[in-house]
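Chains H and F are the protein sequences, given in the same order. Using the numbering used here, the first residue of the first sequence is number 1, and each one after it goes up by one. Using the numbering used here, the first residue of the second sequence is number 1, and each one after it goes up by one.
In case anyone wonders, no lab produced these hints; they're calculated from the structure. Watch out, some of these pointers could steer you wrong.
To be verified - Think about it this way: if two alpha-carbon atoms lie no more than 16 Å apart in a straight line, the pair counts; the simulated EDC-like pairs of lysine to aspartate or glutamate are:
1) Lys-96(F) x Glu-3(F)
2) Lys-96(F) x Glu-105(H)
3) Lys-55(F) x Glu-105(H)
Unchecked claim - If you want the footprint, here are the derived chain F segments under chain H, 3+ residues with CB under 8 Å:
4) 57 to 69
5) 96 to 102
Keep in mind that this is a model prediction, so the values were computed, not measured. Glycine is no exception: its CB is placed at the ideal position from the N, C-alpha and C atoms.
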Amino acid sequence: NAGVTQTPKFQVLKTGQSMTLQCAQDMNHEYMSWYRQDPGMGLRLIHYSVGAGITDQGEVPNGYNVSRSTTEDFPLRLLSAAPSQTSVYFCASSYSIWQGANTGELFFGEGSRLTVL
Amino acid sequence: KNEVEQSPQNLTAQEGEFITINCSYSVGISALHWLQQHPGGGIVSLFMLSSGKKKHGRLIATINIQEKHSSLHITASHPRDSAVYICAGGGGATNKLIFGTGTLLAVQP
Numbered sequence: 001n002a003g004v005t006q007t008p009k010f011q012v013l014k015t016g017q018s019m020t021l022q023c024a025q026d027m028n029h030e031y032m033s034w035y036r037q038d039p040g041m042g043l044r045l046i047h048y049s050v051g052a053g054i055t056d057q058g059e060v061p062n063g064y065n066v067s068r069s070t071t072e073d074f075p076l077r078l079l080s081a082a083p084s085q086t087s088v089y090f091c092a093s094s095y096s097i098w099q100g101a102n103t104g105e106l107f108f109g110e111g112s113r114l115t116v117l
Numbered sequence: 001k002n003e004v005e006q007s008p009q010n011l012t013a014q015e016g017e018f019i020t021i022n023c024s025y026s027v028g029i030s031a032l033h034w035l036q037q038h039p040g041g042g043i044v045s046l047f048m049l050s051s052g053k054k055k056h057g058r059l060i061a062t063i064n065i066q067e068k069h070s071s072l073h074i075t076a077s078h079p080r081d082s083a084v085y086i087c088a089g090g091g092g093a094t095n096k097l098i099f100g101t102g103t104l105l106a107v108q109p
């Protein structure tokens, strides 16, 4: 049971390049989400998914695309990287956010540090 | 304006002290997560609670729904407790969490 696996851990891009951050979980979680963490700010939700084939925008979706073709995978695509997208990105999953019967615990990946020059 | 406010932003304690970190939130948030992030490290879930109190080891989390306030307590603090503690609130049908900016805790030996 690997939990949430997030790759790559580090990436440097030039402005205008595209890339995909990978996120996979092996816990059969319905809910998966992507956040960015910037100094002095709380984690901000980029996109989330409540199941395969279902995605929705979060607080800061511009410049990012997601898809959820399987329960396990939730990749985040940067379409045309900009310096403003320099950040640390976290993927997280949960069986469900709000639970009656169980903990609703959030599981985070180790983070991906992205620098856009 | 962030709908989840944490205090204090920074906290320094001596080993063994009792520590309290507070989280206040706005209408529409009905439950809270408490998370821990060590420097340069990943994020770990400590608690999720929508009422009352939960305890795990030296950590205790409480929530008061009427006052829209939650606290995280650490008893007999230790240098290994040094980390950023984050509260995140959400609820209803949005499936979206709103995060506080975190409390940086340093426990000195």
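To see whether the hints hold, each was checked on the structure:
For the suggested pair Lys-96(F) and Glu-3(F), the alpha carbons sit about 12 Å apart, so the restraint of at most 16 Å is met. Simply put, Lys-96(F) and Glu-105(H) have alpha-carbon atoms about 14 Å apart, close enough for the 16 Å limit, and the pair holds. Of the supplied pair hints, the one linking Lys-55(F) and Glu-105(H) holds, its CA atoms being roughly 15 Å apart against a limit of 16 Å. With 0 residues bearing a CB less than 8 Å from a CB of chain H, the region 57 to 69 of chain F misses the requirement of three and the coverage assertion fails.
With a threshold of 8 Å between beta carbons, the proposed coverage of the region 96 to 102 of chain F by chain H holds, since 7 of its residues qualify and at least three are required.
In this structure, only the earlier hint numbered 4 is contradicted, and the remaining ones agree with it.
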